Amino acid sequence: MSEEAAVHVPMEIEDLGTEPITLNVGPQHPSTHGVFRMKLQLQGETIVSLEPILGYLHRCQEKLAEGRNYLQSIPYTDRLDYVCSMTNNHPYVMAVEKLAGIEVPRRAECIRVVMDELTRLLNHALFVGFLLNDMGAWLTPVQYALREREKILDLFEMASGSRMMCNYMRFGGVAHDLPEEFMPLLTKVVEEFPAFVDEYERMLTTNEVLLARCKNVGILPPDRAVAYGVTGPVLRASTVAYDVRKVERYSLYGELDFYVPVGTIGDVYDRYLVRVYEMRQSVRILEQVMKLLAETQPGDIQSKVPKTVKPPAGDAYARIESPKGELGFYLVSDGSEKPYRWRVRAPSFVNLTPLEEMCRGHKVADVIVIFGSIDVTMAEVDR
Amino acid sequence: MDLLIQGLNKLLGQVWPDWAVVLLAMVIVITLIFVMAPLTFMLLTWVLRKGIGRFADRMGPNRTGLGRFNKERTRQRWPLWGLLQPIADGVKMFTKEDITPDKGDKWLHRIAPVAAIVPAMLVFAVIPFGKNLLGVDLNVGVVYVVAVSSISTLALLIAGWSSNNKYSLLGAMRTAAQMVSYEVPMALSLVVPVLFAGSLSLNQIVQGQASWLGLRWYIFYFPLGTLAFFTYFISALAEVNHTPFDLPEADSEIVAGYVTEYSGMKFALFFMGEFMNQFLVCAFATVLFLGGWQGPGVQLGGVLGYLFSVFWFFLKTFSLYLVMLWIRGTWPRLRVDQLMNFAWKRLVPITLGNVLVSGVAVIVLSLLKK
Amino acid sequence: MTIVVPRHDEFQPFGWGLVKGLLVTASHLVRSYFRRNLRIPGKEPFPGGRFGLFTVKYPEERAPLPDRYRGLPILLYEDSTQSELCTACMSCARACPVGIIHIEQGVDEVGKKIPYAQGFAIEYGTCLNCGLCADACPFGSIVMDHVLETARASRDELWMTKERLLHPVSYYREIAPTVWAEIREEAMKRLDGTVKRRPAGVGVVPK
Amino acid sequence: MAGAELEGLRARMEKALPQGALQEVQADGAMQIRPNALLRAGQFLRDQEGFDYLSNVTGVDWIEQGQFEVVYHLYAMRRGERIVLGKDPDGPLGPVVLKVRVPRGDPAVPSVVPIWPSALWQEREVYDLMGIRFDGHPDLKRIYLWDEFEDHPLRKDYSPEEVQGE
Numbered sequence: 128m129s130e131e132a133a134v135h136v137p138m139e140i141e142d143l144g145t146e147p148i149t150l151n152v153g154p155q156h157p158s159t160h161g162v163f164r165m166k167l168q169l170q171g172e173t174i175v176s177l178e179p180i181l182g183y184l185h186r187c188q189e190k191l192a193e194g195r196n197y198l199q200s201i202p203y204t205d206r207l208d209y210v211c212s213m214t215n216n217h218p219y220v221m222a223v224e225k226l227a228g229i230e231v232p233r234r235a236e237c238i239r240v241v242m243d244e245l246t247r248l249l250n251h252a253l254f255v256g257f258l259l260n261d262m263g264a265w266l267t268p269v270q271y272a273l274r275e276r277e278k279i280l281d282l283f284e285m286a287s288g289s290r291m292m293c294n295y296m297r298f299g300g301v302a303h304d305l306p307e308e309f310m311p312l313l314t315k316v317v318e319e320f321p322a323f324v325d326e327y328e329r330m331l332t333t334n335e336v337l338l339a340r341c342k343n344v345g346i347l348p349p350d351r352a353v354a355y356g357v358t359g360p361v362l363r364a365s366t367v368a369y370d371v372r373k374v375e376r377y378s379l380y381g382e383l384d385f386y387v388p389v390g391t392i393g394d395v396y397d398r399y400l401v402r403v404y405e406m407r408q409s410v411r412i413l414e415q416v417m418k419l420l421a422e423t424q425p426g427d428i429q430s431k432v433p434k435t436v437k438p439p440a441g442d443a444y445a446r447i448e449s450p451k452g453e454l455g456f457y458l459v460s461d462g463s464e465k466p467y468r469w470r471v472r473a474p475s476f477v478n479l480t481p482l483e484e485m486c487r488g489h490k491v492a493d494v495i496v497i498f499g500s501i502d503v504t505m506a507e508v509d510r
Numbered sequence: 002m003d004l005l006i007q008g009l010n011k012l013l014g015q016v017w018p019d020w021a022v023v024l025l026a027m028v029i030v031i032t033l034i035f036v037m038a039p040l041t042f043m044l045l046t047w048v049l050r051k052g053i054g055r056f057a058d059r060m061g062p063n064r065t066g067l068g069r070f071n072k073e074r075t076r077q078r079w080p081l082w083g084l085l086q087p088i089a090d091g092v093k094m095f096t097k098e099d100i101t102p103d104k105g106d107k108w109l110h111r112i113a114p115v116a117a118i119v120p121a122m123l124v125f126a127v128i129p130f131g132k133n134l135l136g137v138d139l140n141v142g143v144v145y146v147v148a149v150s151s152i153s154t155l156a157l158l159i160a161g162w163s164s165n166n167k168y169s170l171l172g173a174m175r176t177a178a179q180m181v182s183y184e185v186p187m188a189l190s191l192v193v194p195v196l197f198a199g200s201l202s203l204n205q206i207v208q209g210q211a212s213w214l215g216l217r218w219y220i221f222y223f224p225l226g227t228l229a230f231f232t233y234f235i236s237a238l239a240e241v242n243h244t245p246f247d248l249p250e251a252d253s254e255i256v257a258g259y260v261t262e263y264s265g266m267k268f269a270l271f272f273m274g275e276f277m278n279q280f281l282v283c284a285f286a287t288v289l290f291l292g293g294w295q296g297p298g299v300q301l302g303g304v305l306g307y308l309f310s311v312f313w314f315f316l317k318t319f320s321l322y323l324v325m326l327w328i329r330g331t332w333p334r335l336r337v338d339q340l341m342n343f344a345w346k347r348l349v350p351i352t353l354g355n356v357l358v359s360g361v362a363v364i365v366l367s368l369l370k371k
Numbered sequence: 155m156t157i158v159v160p161r162h163d164e165f166q167p168f169g170w171g172l173v174k175g176l177l178v179t180a181s182h183l184v185r186s187y188f189r190r191n192l193r194i195p196g197k198e199p200f201p202g203g204r205f206g207l208f209t210v211k212y213p214e215e216r217a218p219l220p221d222r223y224r225g226l227p228i229l230l231y232e233d234s235t236q237s238e239l240c241t242a243c244m245s246c247a248r249a250c251p252v253g254i255i256h257i258e259q260g261v262d263e264v265g266k267k268i269p270y271a272q273g274f275a276i277e278y279g280t281c282l283n284c285g286l287c288a289d290a291c292p293f294g295s296i297v298m299d300h301v302l303e304t305a306r307a308s309r310d311e312l313w314m315t316k317e318r319l320l321h322p323v324s325y326y327r328e329i330a331p332t333v334w335a336e337i338r339e340e341a342m343k344r345l346d347g348t349v350k351r352r353p354a355g356v357g358v359v360p361k
Numbered sequence: 068m069a070g071a072e073l074e075g076l077r078a079r080m081e082k083a084l085p086q087g088a089l090q091e092v093q094a095d096g097a098m099q100i101r102p103n104a105l106l107r108a109g110q111f112l113r114d115q116e117g118f119d120y121l122s123n124v125t126g127v128d129w130i131e132q133g134q135f136e137v138v139y140h141l142y143a144m145r146r147g148e149r150i151v152l153g154k155d156p157d158g159p160l161g162p163v164v165l166k167v168r169v170p171r172g173d174p175a176v177p178s179v180v181p182i183w184p185s186a187l188w189q190e191r192e193v194y195d196l197m198g199i200r201f202d203g204h205p206d207l208k209r210i211y212l213w214d215e216f217e218d219h220p221l222r223k224d225y226s227p228e229e230v231q232g233e
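Protein chains in written order, with the working numbering: chain A, 128 to 510; chain B, 2 to 371; chain C, 155 to 361; chain D, 68 to 233.
Treat the hints as calculated values from the structure; they're not laboratory data.
Computed from a predicted model, the values in this text were never measured in an experiment.
Be aware that a few hints might be false.
[As the list claims (entries may be wrong)] Quick partial rundown of chain A residues pointing at chain D, CB under 10 angstroms, derived from the structure:
no., residue
1, Glu189
2, Val353
3, Arg468
4, Arg470
Quick reminder that beta carbons are idealized off the backbone N, C-alpha and C, glycines included.
Turn these sequences into a full structure, and let the hints steer you where they fit.
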C-alpha cells in the first residue's frame, strides 16, 4: 500500500522537503453527511494518510433493542438509515419471521417489494443530488432530486402515516393495507420517473466538469472490494455483479425480471452510473410488481401472528439488498419475548472500511467526492 | 464628472471659487458611488436568490415583504416578491456576533474585509454607466481596472492567513494561485478590444462601438472579438471566484475557505465585495465587448437619450449576470490541478494567439483603408 | 442478467455536455413560469393556480395530510354520552417502545378496580410517533392526531395529562374518516361480547 | 445451507482441520470451532471452498454458560456473481456460520483480518462493545466509544445506570 502512495504523491512536492499538515475534517463539516470525522495528513493538497473516526452518533441501538420486545424494535430500525426506513424494516421482519417460522401473504410481499424499490429510487436520486453537491454544484441537482423524493414520500405517508420513520412492516405482513388513492399515484410516479432520470442524465452524465471530477478517482479494484466485504452499488461499480436480490431471491425477487448494472473500473463515475441505471431497473421492477399486486386480494396483508412474538430459542440471519448495500439482521432468541442479541450488519459501516485505500494520493476535494460516492448515512454507521 | 463640473460652474461659478466647485463635484460623485455600490449589491443578492431558485424549481424569497396585523390578529401580507430580503439579510448580519479568532492576527483580520471591498468601490469610478455618465474618464481606464481589481487577491490572502485556520489557509492559497493565473488570460483578452478601439479609455472604447444603430459591438468582430469575449468571460469567472471556479470558498471541501472565521458584518463585507466584483466583471464585459451603453435610441437628445443609454447598459450587464447565475445553477466545480491546467495550458495559449492575430489584423485593415 | 454501464469515453465536442446541462436548467427556468400544475387525484388542487411554480405558504396554508398520518397520540371520548373510550387496559402502555404512557386505573367506592383511567399521561417530548399504541388499542381510544406543531414553551408542558389529551370522536372522524371507520368497526366487534356489563355508547364511564 | 451440501462441507472440514477442532455442527448449519483452529478453518474456507466474503462478525454474551461466542457469517461472493451472470453457481453459496466460544474470563480470539479484511472494523466494533480481544488485529482500539471508556456496553452484566463521562 505504501508503494502505491509513493507513486501517487507528485515527486516535486516531496523534493521540496515540506512537512505534511494535519487537517481535521469533521465531525462538523458541510459534507460529511452527518457527523463523520477524518484526520487527513496532507502534502500540499494531496492526501498522505487518512484516519476515519466514528462514533459521534453512537446510540448503542443493539443494547436498546435487547430491552424491548420484538415488535417494539421496528420503530428503532427506521432510525438506522433514516433515508430509507422501509428497507430497514424489511430484513428485520424477515429475520424474525425466519426465527419464528411465520408465513407472509403474497399481497404483503408485493407491498414490501414496492416499498423497497421506491426506497431505492429515492435513495439513489438523493445520492446523485448530494454527490453533485459535494462536487460544488449549487443545490440544483439536489433540488430536482428532492422534488422527486417528495412524490415518493407522499406515497409512504399515505400508506404508513409517516414520511420518513415509516414503521410500516410487521411480522407476517405489513401494518396497513394500501389506501385507495395509493395505486393511481404510484402509477403516476412510475410513469414519470424515467423522464426524470433522463433529464438528470442529460444534465450531468456527459458534463465535462463532472467527468473530470469523477473519472479515475477513488478506484476500488474488484479483488479489494470483495476482500473488504463492500456491497451494493459500490461493489457492482467495481465490476463484481453480486446482488442479494438475485442470489437469495427473497420476497418476490425470484419472479421478477430485471438486470444488474455493473461498472467497468470501479471509480466514482462508475458508482454514479450504476446508481442511475439501478433507478431505471427499479422502475422496471415496480411496473412488474404493480401487475402482481393487482392480482392479489385486497386486505390479505397479514398472516396470523400472536400479539407478542415469542420465537423459539435459536438464531437467524436475514439480509436484503438495501439501496446502500447488504443490510443484514442477526437475531439470537432465548425463547422469551425479548431478543437475546440483536445485531445489525450495516452496509454503510462496512463499505467505509476501504475509504483510506481509495483516498490515498488524491486531493482534498476528491476525498469529499469519494466519501460521497460510497453513500453512507452516519446514523447507520454509528448505530 | 467634467459635465458635472461645467454644470456646477454655471450654477455657482459666480459665487464659489473654482476649487470649491471641483470639490463639490467630487463629493457628489463619491457619494453617488457609495450609495450605488451597496444598492447594486442588494439588488444582486435578490436577483441571485430568485434566479438560482427558478433554475432549481424553487421560488426564491417570496415572503419578506410588508405586513401588518389586522383587527382579528391575523396577519396581512404584501410579499412584494421578496424584494425586502436583502434588508432582512442586512439586519441579520448586523445582529450576528462578531468573532475574531483568539490566536489569529487580529489587526490583519480586521483589515482584510475592508481591503476586499475598497478595490471594488474604486472600479465603480471609471465604469461608464451611460452616455457621459461616468465618475472619471481616465485615459488608461482598462489598465486601471485590471490593476485595482487585482488588489482584492491580497485581501483574500490576508483574510486566509490571519484567521489561523487550516481551511482558511488552504482557501487563501487556492485564491492566490487561481487569481494570479487567471489574471494573465484576462488581461490578454482585454488587449483585443483595446487594439480594435485604439484607446485605453473606457469611454472611447464604448464610442468606438457606436455605428450600425449602436450594434457595432466588438463581440461581433468574428472570430477575434468573439473569442476574446469568451476567454475574458471564463477567466473573469475565475477571477471573481464564481462557479465552476469557486474553489477558494468551496463550501463542501474547505468549509468556506478564507471566510471560514468571519461572521457578522465582516463576512457581509466580503460578500459585498464579491458581489460587486461579479457585477463589475459583467459591466466591464459590457463596456468592452457588448457596446456599453450603446443601443437604439441613445442618439436622442435631452434626458431621453441619457435614460436610454443607462437602460441599455444595465440590461446588458444584468443579462450577463443572469448567464453567470445560469452557470452557477448548473455546473459542479473543478479541482485545483484541473483549474491550473485549464488556465496555463488552454487559456493562455489561446489568448496569446488571439492577441497576435488581432494585432496583425488591425494593422492590415488600417493599411487597406489607406 | 447484467448491464455494463457505458462510460461515455467516446469523443464529444468540448463543452457540449456543459451546454446540455445549461439547456436543462434553462428549460426549468422557463417552465417554472408556464408549467402546468398537476392535480393529485382525490385531493383539493393546491393553491397557487394552474400554471407556474407555487409553494404552500405554511402557517396560512397547509398541504392536505393523508388520513393515516401519524402525529402525536390523543385520547377520544364520545360526543353524545361524554364517555371516554379508554378502559385502562394498559395495552398501549405495554406496546409503547419508549414507555412514555402512564395510566392510573380507577377504583369504585369499595376499592374494586373499574375499567376507567383515573389518570392518563403521555410524555410528548419522548414520543417516537410510531403509532404502536394506536395499533395496540383494542377500543379505538388512543389515536394519532394530525397536529404538526408540537413545540411548547417549557418541558413541563410536554407532559400531557388526560384533560389535554381528550378530544371528541367527532374531531377525529373529521380529520381521518376512513381510519376512524376501520377502528370503530373493530372496536364495536370487540365490545359486543362484553357490552352487557357496560352502559350505552362506545365509551364506558361518563366523563 | 443444509442437507447434502452441509454434510459434504463438514466432511471436508473435518479432514482439513486437526482432530477435534470442529466441535459441533448444529442443525441449522452453524459450525462450532475451537478458537485455535479458526485461522486454519478460515484459510481453508476461503481458499479451498471459495467463501471469499465475510458478511458479518458479531459477538454474543452467553453469561449463564460463562462464555462469549463470536459468530462469522460467510458467503461465496464469486459464486453468487455467477448466478447473477446467469451461470450455474457450481457449489454452495452459503451462509457458512462459524461460531467460536471463548471463556468470559479472558476472551481472546485470533483475528481473521489477514483472511478477510472486511473484519477490520467489525472486529473493532465487537472489541469495543463486547470486550473480546482479537489477537493479531492490526489496529485494535475502540471504534465507537471514547478511549477512556472502561466498560463494554453489550455485555449482559453492563448496567447503563453508571453512565460514564458526558
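Here is how each hint holds up against the structure:
With a least beta-carbon distance of about 6 angstroms to chain D, the hint placing glutamate 189 of chain A at the interface is held under the 10 angstroms criterion. Interface restraint check for valine 353 of chain A: the shortest CB-CB distance to chain D comes to about 5 angstroms, inside 10 angstroms, so the restraint holds. Against a cut-off of 10 angstroms between C-beta atoms, the interface hint on arginine 468 of chain A holds, since the closest Cβ of chain D lies about 5 angstroms away. The beta carbon of arginine 470 of chain A comes within 4 angstroms of a beta carbon in chain D, closer than 10 angstroms, and the hint placing it at the interface holds.
Violation of the numbered hints given earlier is absent; every hint is satisfied by the structure.
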